[in-house]
Every structure is written in C-alpha cells, then in structure tokens.
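Asker: Sequence:
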Amino acid sequence: MEVAPDKNAELDGKVIRNRGSIAVYASTGDPLVLDIRVLMTLNVRYQFQLLYTQGQDVRDAAAADINAAIIDGALPIGDDVGLPLHRFSLAETAEAHAAVEGDIVGKVLIDVGHAGED
1 MEVAPDKNAE
11 LDGKVIRNRG
21 SIAVYASTGD
31 PLVLDIRVLM
41 TLNVRYQFQL
51 LYTQGQDVRD
61 AAAADINAAI
71 IDGALPIGDD
81 VGLPLHRFSL
91 AETAEAHAAV
101 EGDIVGKVLI
111 DVGHAGED
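So the sequence shown is numbered by our numbering: it starts at 1 and just counts up by one.
Incorrect hints may have been included.
Claimed, not checked - Straight-line Cα separation of at most 20 Å, DMTMM-like style, residue types lysine to aspartate or glutamate; simulated pairs:
1. K107 x E92
2. K7 x D30
3. K7 x D103
It should be emphasised that the hints constitute simulated quantities derived from the structure, not laboratory data.
Between the sequences and the hints, there should be enough to build the whole structure, so can you do that?
Answerer: Written out as structure tokens, the structure is:
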C-alpha cells in the first residue's frame with residue numbers, strides 16, 4: 001500500500017516486479033510524475049483506493065485477512081523487525097499527527113482508552 005506515491009515513484013519503479021501492482025491509498029498532495037517507459041515495460045498497474053467507498057464486504061474481508069496474518073505471525077511489529085510502535089495518549093493527538101507528518105518510521109498509535117486515562 002503506497003501512501004506517498006509522489007515521493008516514492010522512482011523507488012517504486014526500481015523495486016516493483018514484472019506485472020506488479022501499486023495500490024495507492026494516500027498522497028502528500030504533490031503531483032505524481034511517473035516514468036512511463038519503465039512502468040510500461042514492467043506492465044505495472046496502479047490502483048487507487050479509498051477505504052470508505054470500498055463497501056462493507058470488502059472491509060470485512062480485509063479485516064479477516066489481516067487478523068489471520070497476525071495470528072499466523074506474518075505481520076511482525078516492533079523495533080526488532082524495523083517497525084517500531086509510537087504510542088500517544090488521546091490528549092497527545094496533535095503530537096501524533098505531527099509525528100506522522102514528520103515522516104516518523106513505524107506505526108503511530110493513539111491510545112483512546114477510557115475518559116480520564118492517559
């Protein structure tokens with residue numbers, strides 16, 4: 001899932017395999033410039049996604065697939081696998097957002113918990 005296609009277009013063109021697909025979910029807002037010859041030669045397909053318009057059946061299937069992958073250990077997380085978790089309290093939501101905009105490496109999580117908890 002590509003969330004910065006404009007920033008990563010050159011890298012994506014170097015690492016994608018023949019007949020690969022790039023699913024785009026988000027953007028930094030800058031125009032997307034593609035090397036047509038490289039991508040055409042590899043038969044690359046771009047597919048743009050918006051979760052909210054996918055339909056409940058697609059979201060349910062995705063959730064089930066993700067849960068199965070987690071149970072199988074196919075989606076490891078943590079510092080030791082290069083995907084650190086960064087936790088913020090609900091009161092620190094602005095800081096969490098700034099971390100994401102600052103290109104922090106890893107997953108940014110906001111603990112919502114119960115009212116009054118940190």
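Asker: Indicate, hint by hint, whether the structure satisfies it.
Answerer: Each hint, compared with the structure:
1. K107 x E92: holds (15 Å)
2. K7 x D30: holds (8 Å)
3. K7 x D103: holds (11 Å)
This entry satisfies every hint, going by the numbered hints stated previously.
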